[in-house]
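Participant: Could you build all of it, start to finish, from the sequences and the hints given here?
Protein chains in written order, with the numbering used here: chain A, 1 to 112; chain B, 1 to 106.
Calculated from the structure, these hints are not laboratory results. This one's a predicted model, so the numbers in the text were calculated from it and none came from an experiment. If a hint is listed, it holds; no wrong ones were tucked in.
Okay, derived cross-link-like pairs now, BS3-like style, lysine-lysine, Cα gap no bigger than 30 angstroms in a straight line:
no., chain 1, residue 1, chain 2, residue 2
1, B, LYS101, A, LYS9
2, B, LYS54, B, LYS68
3, B, LYS55, B, LYS98
4, B, LYS105, B, LYS53
5, A, LYS9, B, LYS98
6, B, LYS54, B, LYS98
7, B, LYS98, A, LYS14
8, B, LYS101, B, LYS68
9, B, LYS101, B, LYS53
Chain B is faced by these chain A residues, among others (derived, beta-carbon under 8 angstroms):
no., residue
10, GLY40
11, MET41
12, LEU43
13, VAL88
14, GLN98
15, ASN99
16, GLN101
17, PHE103
18, PRO105
All C-beta atoms in this analysis are idealised placements derived from N, C-alpha and C, irrespective of residue type, glycine included.
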Amino acid sequence: NAGVTQTPKFQVLKTGQSMTLQCAQDMNHEYMSWYRQDPGMGLRLIHYSVGAGITDQGEVPNGYNVSRSTTEDFPLRLLSAAPSQTSVYFCASSYSNQNEQFFGPGTRLTVL
Amino acid sequence: KNEVEQSPQNLTAQEGEFITINCSYSVGISALHWLQQHPGGGIVSLFMLSSGKKKHGRLIATINIQEKHSSLHITASHPRDSAVYICAVVQGNLIFGKGTKLSVKP
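Facilitator: What follows is the structure in structure tokens.
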């Protein structure tokens with residue numbers, strides 16, 4: 001099993017550009033989530049999904065969109081990148097929040 | 001206001017020492033996770049607790065629901081234990097602490 005995969009590992013964008021961070025898991029997990037990690041702060045939830053076709057906002061959703069058309073994939077879209085979105089992004093999956101969490105390797109995004 | 005507080009923020013230990021990292025929270029929770037973030041950035045799950053105590057190798061995690069407190073203990077610490085240890089509570093979604101950076105010197 002590959003576990004949770006994320007692409008790309010690194011990305012540099014200019015302000016105003018859009019892009020999609022990819023996340024995929026092969027463990028048949030229903031619950032998937034996107035977090036951002038900033039220096040001096042804990043991981044913060046951006047968006048999450050409890051199954052295909054179901055998504056919801058987390059703590060910091062502004063500027064991001066998600067969709068969940070399959071159980072395996074949960075892409076995160078930055079609509080118009082801003083320097084405040086410079087961060088490390090982690091995707092995670094699990095059977096539920098009360099089960100073991102599996103994290104992807106992270107994407108380091110810089111917005112100039 | 002931080003709903004999940006970890007202490008200490010930074011911890012330096014000598015190899016072989018017994019280490020304790022604390023997590024206090026202010027909200028009602030259904031479970032608590034301890035995670036480890038390696039120096040390279042990867043995050044792995046260590047424990048999920050809803051009551052009592054769990055042990056895995058040299059790691060022990062305890063939780064006291066009434067006191068809203070959990071501890072992560074590392075016995076016979078080793079330089080390879082150097083990492084950031086993160087506490088996360090489950091209140092619907094996960095709410096994360098800021099982490100405790102542990103450095104174990106040989």
